[in-house]
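Novice: Next come the chains, spelled out residue by residue.
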Amino acid sequence: AQTVTQSQPEMSVQEAETVTLSCTYDTSESDYYLFWYKQPPSRQMILVIRQEAYKQQNATENRFSVNFQKAAKSFSLKISDSQLGDAAMYFCAILGAGNMLTFGGGTRLMVKP
Amino acid sequence: GAVVSQHPSWVICKSGTSVKIECRSLDFQATTMFWYRQFPKQSLMLMATSNEGSKATYEQGVEKDKFLINHASLTLSTLTVTSAHPEDSSFYICSASSDPSTDTQYFGPGTRLTVL
Chain A
1 AQTVTQSQPE
11 MSVQEAETVT
21 LSCTYDTSES
31 DYYLFWYKQP
41 PSRQMILVIR
51 QEAYKQQNAT
61 ENRFSVNFQK
71 AAKSFSLKIS
81 DSQLGDAAMY
91 FCAILGAGNM
101 LTFGGGTRLM
111 VKP
Chain B
1 GAVVSQHPSW
11 VICKSGTSVK
21 IECRSLDFQA
31 TTMFWYRQFP
41 KQSLMLMATS
51 NEGSKATYEQ
61 GVEKDKFLIN
71 HASLTLSTLT
81 VTSAHPEDSS
91 FYICSASSDP
101 STDTQYFGPG
111 TRLTVL
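These protein sequence lines map, in sequence, to chains A and B. Quick note: the working numbering has the first sequence finishing at residue 113, numbered continuously throughout. Quick note: the working numbering has the second sequence finishing at residue 116, numbered continuously throughout.
Chain B on its own, in the form it takes in the complex (with noise of 0.2 Å):
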């Protein structure tokens, strides 16, 4: 299958300061991306998804301009938790896809983001 990091894996942060969250598709190029949060021993939630090129799409309830994301390229998105705060400490999740109509999603080894 289709391989994508995420970087970096684990991050601990002051409250208040921005954290970044990168998202590449190694072995393919990925017109859409996405970004999900898991609380502990839930599902998956999707945050947003993002395009290459253009403004990402986001989920009901959830910030934009709390969670910055930008797709710059066929290969990397990038999701910033601007003024974190301990509310936001959880696990976040990249997924990629070639084609999302029809196209499996291939997912990053997600981010633990603890904010003190």
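With the rest of the complex left out, here is chain A (with noise of 0.2 Å):
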């Protein structure tokens, strides 16, 4: 089985300043995928990010990079820059066993004007 643990329900950011979002996730397997993706109030689930567990670069998109730590099963998501449309649910998922995407509970991001 795998698990996903988001530790912050809730989280703020000024505008324009950085915010990181925790995850850590549990699996048996050795290859498998991580993934943050964003639900904003239209809760359409919008990707963020992936990253490959085989590669050890961090993967980044534009103001959105990843801080992935294999060994301490740590997949924490940095944005940088926040803007108001930042604001959302963010969901860090993994993609292993079974071919399952498997969610967290979810981090409430609010971003202040």
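Where hints are given, some of them may not hold.
If we take Cβ atoms under 7 Å as the criterion, some of the chain B residues that face chain A in the derived model are [claimed, not checked]:
hint : residue
1    : 44
2    : 100
3    : 101
4    : 104
5    : 105
If you're looking for bench data, these hints aren't it; they were derived computationally from the structure. For each residue, glycine too, the CB sits at the ideal point set by N, CA and C.
Both chains are sitting in their own frames, so use the hints and assemble them into the complex.
Specialist: Laid out in structure tokens, this is it:
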């Protein structure tokens, strides 16, 4: 079985500042993929960033980057220069055993103007 | 990214009726589609996995006779909630993938089901 834990139910950040969302996971697989998805009030799930476990280099997508620590099974998301449109629920997820995507409980990010 | 559509976006029905929700991959062929259910302020819960041309695989606790899934083509999967009851009211989201073992799942916009 694989599990994903997001220990921060809510986070807030000032516009233009940087915020880091935490995620830890557990899996017995050696080959897996990690994702951050964003769910704004529209409830559309939007892919933010993806990381292959076999790659040591941390993935980046514009203002979004991850800190992937494989030994510690940690996969945090850093959002730089936060914008009002970044306000949403953020879900960390792992794709591994059984081709199943397992989600964490989510972190609600609020952005203050 | 790839685009996945869902229809309808919101449906209200009377208790006892059946409701069909469609999920389409618009610009890629989805060998596998997934159906999730999301309760308010909670995460997504996988209900079932469907592969084109074969029977769906249901997660433990999900009634296969209650939630009928059909994946007749590489671009379309349907979820039918049979004899819906108020406790079936929820937000249903589908996702699609061209390769479920490695590929990103792309999500539809979801369908809000309200059963009166």
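Novice: Hint validation: residue 105 of chain B versus chain A, beta carbon distance must be below 7 Å. Holds or violated?
Specialist: Since chain A brings a Cβ to about 6 Å from residue 105 of chain B, closer than 7 Å, the hint holds.
Novice: Holds or violated: is the Cβ of residue 104 of chain B closer than 7 Å to a Cβ in chain A?
Specialist: 6 Å, holds
Novice: Does residue 100 of chain B meet its interface restraint, that is, does its C-beta lie within less than 7 Å of any C-beta in chain A?
Specialist: 4 Å, holds
Novice: Against chain A, is residue 44 of chain B within 7 Å by beta-carbon distance?
Specialist: 5 Å, holds
Novice: Does the closest beta carbon of chain A sit nearer than 7 Å to the beta carbon of residue 101 of chain B?
Specialist: Given a least distance of 5 Å, the restraint on residue 101 of chain B holds.
Going through the hint list in order, the structure satisfies each hint without exception.
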